[in-house]
Amino acid sequence: MEITIIGLPQSGKTTIFNAATRGSAQVATFANRMNLGAAKVPDDRLDVLNGIFNPKRKVNAEVTYADLPAAPEGLGKTQSIGGEYLNTLQRADAILMV
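Note that the numbering used here has the sequence shown beginning at 14, numbered continuously upward.
Be aware that one or more of the hints could be misleading.
Claimed, not checked - DEER-style ranges, computed between Cβ atoms:
hint	residue 1	residue 2	range
1	Ser37	Ile94	27 to 35 Å
2	Arg35	Leu102	38 to 46 Å
3	Gly64	Lys90	26 to 34 Å
4	Met110	Pro55	19 to 27 Å
These are calculated hints, taken from the structure and not from any lab test. The C-beta atom is built at its ideal place from N, Cα and C for all residues, glycine as well.
Sequences and hints are given; from them, build the entire structure.
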């Protein structure tokens, strides 16, 4: 699953990204690039099934997070949405608005 985090500048997007991914992306400075991270989803049911069937490996579900920088001023009004920004939004399974 891929979740894209969007929001206004200084709204806490990167803080939420760091909490979800246990990451260390800088929050104090304005970044003009996207942060990517992933987190494994713990599942007690998977642990039980792993104990019963003893598979060769156990694969937890994984969530990928994309922390988009704040949208440029005028995006959608004076300039169109496109490029990497639009591609990331289209690829997302869910959008987390901060």
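Against the structure, the hints:
1. Ser37 to Ile94: 27 to 35 Å: holds, 29 Å
2. Arg35 to Leu102: 38 to 46 Å: Cβ of Arg35 to Cβ of Leu102: about 24 Å, so the range 38 to 46 Å is violated.
3. Gly64 to Lys90: 26 to 34 Å: violated, 56 Å
4. Met110 to Pro55: 19 to 27 Å: holds, 26 Å
In terms of the numbered hints stated before, the structure departs from hints 2 and 3, listed from lowest to highest.
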